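Please model the complete structure; the sequences and the hints are all you need to start from.
Okay, so the sequence shown: first residue is 32 according to the working numbering, each after it adds one.
There's no promise every hint is true.
Pair by pair, the computed Cβ-Cβ distance ranges are [unchecked claim]:
{"hint": "1", "residue 1": "Ser94", "residue 2": "Phe40", "range": "18 to 28 Å"}
{"hint": "2", "residue 1": "Ile198", "residue 2": "Leu241", "range": "17 to 27 Å"}
{"hint": "3", "residue 1": "Thr517", "residue 2": "Pro86", "range": "17 to 27 Å"}
{"hint": "4", "residue 1": "Leu241", "residue 2": "Leu485", "range": "55 to 65 Å"}
{"hint": "5", "residue 1": "His104", "residue 2": "Val79", "range": "14 to 24 Å"}
{"hint": "6", "residue 1": "Trp106", "residue 2": "Leu422", "range": "41 to 51 Å"}
Keep in mind the hints are simulated off the structure, nothing from the lab. From a predicted model like this one, the values you see are computed outputs, not experimental measurements. From the three backbone atoms N, C-alpha and C, an ideal C-beta is built for every residue, glycine too.
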Amino acid sequence: MPNLINATFPVLSLAIWLPVAFGVLVLLVGNDSRAQMVRWLSLLGSLVGLAATLPLVFCFDNSAHGLQFVERHPWITLFNVNYDLGIDGISLWLIVMTAAMLVVVVLAGWQIIQKQVAQYMGAFLILSGLMIGVFATFDGLLFYVFFEATLIPMFIIIGLWGGERRIYAAFKFFLYTFLGSLPMLLGLIYLYLETKSFNLYDWYALKLPLTPQIWVFLAFLSAFAVKIPMWPVHTWLPDAHVEAPTGGSVILAAIMLKLGAYGFTRFSLPIVPDACRHLDWLIIGLSLTAVIYIGLVALVQKDMKKLIAYSSVAHMGFVTLGFFLFEESALDGAIVQMVSHGLVSAAMFLCVGVLYDRMHTREIADYGGVVHVMPRFAAFFVLFAFANIGLPGTSGFAGEVLVIMGAVKVNPWIACAAGLSLVLGAAYTLWMIKRVLYGEVTNEAVAALKDIGLREAFILGVIALAVLAIGLYPALITDAMQVSVTDLMALSGQTKL
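Put into structure tokens, the structure is as follows:
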């Protein structure tokens, strides 16, 4: 068991359960006759939840090994299941980003959601707490409970506030992700039977032969690959994004896709390292397919949301590629890319939401010349588009260049293939920006558009500052995670055979 720095105050529990408590409160007291009160209560809950994560940032020790802010309490003593919480440098910023995105979603839906406001806000508050629970636990069964529980609020969000095909998209999302997780449950049970514990560090110390490792690896892969999602189990994501309300797309892209990627760092790489190395060719192949093939698919999309959804699959391919190159700078880049993609993809979906709320269409052909009537909005959209293609000075560049640098050290051909994503990303993103923003005003509906107000400018401005801050000073992220990445490299590189 590594060094564990116990919490003197239950910061992580507050970060998890405060949003959930506010969500339940909103559901209990809210109805459409008190919609404004519900909005303010939801905003208060999101801000309190964000404030609860700030001690994690200011009190985190960048030089410490192991987990910090540890909380340990018995839960199901018969099966040695504990309420084990703790974070390291890998999970720190994912937790903060989750809490921050909840504030964004509440503000983004302030005027747009007019019916069932309490249910909408309550679902997001509860979902936020559950996702933080995924990033904060180091008990295998508790992780599974949080991991699966996130499906319920998102299923409701897509099914109730989505588009015309929302029921189809909601069930497809639920079935893909739920069925993909069932083999993971079998893997968790197998590890428990081997160790009589659900503690992750007991599993890290387990010495398994290669064949059982491969089976456990495949069990984890089925859950994490669907959640990311990796090619070819990605088809639920475009449907979910297209039909989901703007807030649902923001949380899906910014946080929920990261649950699967994070699972690789907590489970696959440290628990079954030999299987990971034995099957690294499989993950690298699937990742490069996502980077190249999905990039080509994005080029032919006519719907802005669907284009950005496919872009997310391609960018998450960089994350999984960085994990399985087994090179430290590539792993650094993969984690930075997780944070960057969370910010940039959220901003891109918010920008599409701004246009959709005004025009009620996401078809690229219906726009043109938007820059002439919405100059402030266009400035933000262009900035986030540049971040999406990895322009130097933005967060997108920091993550991708680190992964490519690591790939060069491992295999230059892999680096060349990964580099194609920069070309493809520029092609489909700039093609969309050109058609939507530039040229002459194409119709009266575009001519009548009004530029963003203070609320929308504040939301996009805060995300823009974060994107530029990470792009100009990546050490904001890398300093906190460096020791944890080194520890993960040691776990995933040890020989157990």
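We went through each hint and held it up to the structure:
The hinted range of 18 to 28 Å is satisfied by Ser94 and Phe40, whose Cβ atoms lie roughly 21 Å apart. Judged by the Cβ atoms, the range 17 to 27 Å given for Ile198 and Leu241 is violated: they are separated by roughly 44 Å. At roughly 24 Å, the beta carbons of Thr517 and Pro86 sit within the given window of 17 to 27 Å. The hinted range of 55 to 65 Å is satisfied by Leu241 and Leu485, whose Cβ atoms lie roughly 59 Å apart.
A C-beta distance of roughly 23 Å is found between His104 and Val79, which places it inside the suggested range of 14 to 24 Å. Taking 41 to 51 Å as the suggested C-beta distance range, the pair Trp106 and Leu422 conforms, at roughly 47 Å.
Hint 2 from the list above is the single one not met by this structure.
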